[in-house]
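> Residues per chain, in single letters:
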Amino acid sequence: MLLSDTIFETFNAITANKARSGLTVLGIVIGIASVIAMLAIGTGAQKDIADKIKGIGSNLLMVMPGEQKSFGYAVRGGGGSAQTLTMDDVEAIQEDVDLVEEVAPSSSGKKQIVSSLSNTNTTVNGVTNNYADVKNIEMSEGIFISEKNNKGISKVVVLGQDVAINLFGEEAEVIGQKIRIEGINFSIIGVTESKGGSGMTNEDDAVYIPLSTYQQYLQGDDYLSLINLKVVDQDSMTKAQSQVEELLLARHKIDNSEDADFNIMNQADIVEMASSATQTFTILLGAVAGISLVVGGIGIMNMMLTNVTERTREIGLRKSIGAKKKDINQQFLFESIILTFIGGAAGILLGIGVALGVAKFGGISTEISMFSIVLAVGVSALIGIVFGYYPARRAANLNPIEALRYE
Amino acid sequence: MLKCQNLTKIYKSGENETKALDDVSFEIEKGEFVAIMGPSGSGKSTLMHILGALDNPTQGKYFLDGNNVSELSENQLAEIRKKQIGFVFQAFNLLPRTTVLRNVTLPLIYEETPREERRKMAEIALNAVKLDPERWNHLSNQISGGQMQRVAIARALVNNPSLILADEPTGNLDIKTGDFILETFKRLNKEYGHTIVLITHEEEVADWADRKIVIRDGKIIEDVTKNMKFKTGSK
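Line by line, the protein sequences are chains S and W. Residues in the first sequence are numbered consecutively from 1, following our numbering. Residues in the second sequence are numbered consecutively from 1001, following our numbering.
Worth flagging that the hints you see were computed from the coordinates, not collected in a lab. Here a beta-carbon is modelled for each residue, glycine too, at the ideal position from N, C-alpha and C. Some clues are possibly wrong.
Claimed, not checked - Covered, in the sense of this in silico footprint (three residues per stretch, anywhere, with C-beta under 8 Å from a C-beta of chain W), are these stretches of chain S: (1) 313-324; (2) 394-405.
Stated by the list, open to error - Some but not every residue of chain S turned toward chain W, in silico, with C-beta under 10 Å: (3) Met1; (4) Thr15; (5) Glu245.
Unchecked claim - Computed list of lysine-lysine pairs in PhoX-like fashion (alpha-carbon distance at most 20 Å, straight line): (6) S:Lys325 <-> W:Lys1083; (7) S:Lys326 <-> W:Lys1083; (8) W:Lys1019 <-> W:Lys1219; (9) S:Lys47 <-> S:Lys360; (10) W:Lys1130 <-> W:Lys1083; (11) W:Lys1176 <-> W:Lys1030.
Kindly produce the complete structure, drawing on both the sequences and the hints.
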């Protein structure tokens, strides 16, 4: 049978019952479209988080205190609770590790902040002047904490974008205004540019004061809760990380790295941590969509089986005029493949449309990946073959004598 | 041209054995117009299936154009049907919602005949059955029963088979239309020299043929060829 004839016969058969073909195709369209749209939403969320984390600074290593270990007790504090990192460590890193360009120590805690109009609970970071550079913080107005502020233990504060809005409302003139943290007055000297982000990674919901001021007035000791390190370039991350680790182990007199009283994390670790959650979410969405795709496939099989039964006499006739098993098989298989192909193509368009629509009107970022399209096309082709195979075989195996007699 | 030797067909269903054909032998020459007649259950349908290469006999041999058809595989039988046999059915079996021309050329798609030739072959066949060219592009469900059967005959003719097998071709038609169809067969036989085997249970239909093979309980009980004089008379 020539390909052009197969195509003609298929076209004829599909258009013979337009309503039924249409509904069958719709099943595939919905299946494919939901796979693409769902994966786009999932991947979008994943990429969103990764982007925001990257916005914090790309060559960043973070040294955090380890868990509080109380000898004799089986009680372990949470990560970062120990008091192990000091300014001496910071200086040592600065001097001994060449791969580290800048070191920005900080201490932070959740505090209640009061303005003349309102109050809010946010993270107060005690930082040095190079913190802005290391963490890629840009100013929208005013200036960041300076070295002079730190030396002078000044009571000045830089507000994150969200905090500024929470305390003073939008468009308010905040520079020069005063806020109170634990009863101490601070003058506002700047507001940071918004970086976006949410939850624990939201840098807009934070305020910055000089580290010295934080330690003296709010913390009461000079331990650090975080040391941010800016490494010279991205390729040196691993090397820098191990050098810092070695140095700190030596300084803290610890032989075994497993007993370390600090943790070093890099950008990749954090991205991975955050994206593992959204990955689960994406898989779940994909799985639900995948189920609808399988249901669509069963729809195809159902229609093709009905088709074979309905066209039994036609199959008998075709056989009587010389059609071989192969011809009949090919014709019916082709039909289901074409149906899924049409459904697949329409589904891709619809899926992309839905993903774009969700992004535009739902405010959720979506990312249509080539992978999801390839996956959808592959799956629909597979569905056509798998779910078309059985009906086609049934048709091909019909006995011509019985098929011709079929009423 | 067509030769049956001791054809026997036994159907088994569980323990029961039914002998549909019992040691049937006969020959049909090229250009003959033969009616195979018998009541229902006589085995004439079984015989037709074997003659039409739709089925193999349990025992015996069937030669078509010198080839032993009775021992061929399914695919080889399909090949024989494609090239050497044209079927005409009681229920016409045209493809619905498909043009007359497309219906007639249907056997050619399995032969992979080039498209340009198909049209020519279909025209010859449609002219042979005298179907008005105006109808050629009509859909098969837009024409009358008699026209449908003529389209079906044209379809059987289109690739010039050695044998045309017509199974109760007038069964679904009124007497007048039926006679017209039988006349068409007669003409195809006389003018074009087609070998035609007509299967029927009606005496009046069988009378149109030149030779009548009567079958009952799987056996041939009568095989008569009309004399020339009678043949001319019936024309």
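> Hints first: check each against the structure and report whether it holds.
Quick rundown of the hints versus the structure:
1. 313-324: Answer holds; 11 residues pass the 8 Å Cβ test.
2. 394-405: holds (count 3)
3. Met1: holds, 6 Å
4. Thr15: Interface hint status for threonine 15 of chain S: holds (9 Å vs cutoff 10 Å).
5. Glu245: Violated: closest Cβ of chain W sits about 74 Å from glutamate 245 of chain S, beyond 10 Å.
6. S:Lys325 <-> W:Lys1083: Holds: lysine 325 of chain S and lysine 1083 of chain W sit about 16 Å apart, inside 20 Å.
7. S:Lys326 <-> W:Lys1083: Holds - the C-alpha atoms of lysine 1083 of chain W and lysine 326 of chain S are around 17 Å apart, at most 20 Å.
8. W:Lys1019 <-> W:Lys1219: Holds - the C-alpha atoms of lysine 1219 of chain W and lysine 1019 of chain W are around 10 Å apart, at most 20 Å.
9. S:Lys47 <-> S:Lys360: This hinted pair holds, its Cα atoms lying about 17 Å apart.
10. W:Lys1130 <-> W:Lys1083: violated, 23 Å
11. W:Lys1176 <-> W:Lys1030: The hint is violated at about 29 Å.
Checked against the numbered hints given earlier, this structure breaks hints 5, 10, 11; the rest are met.
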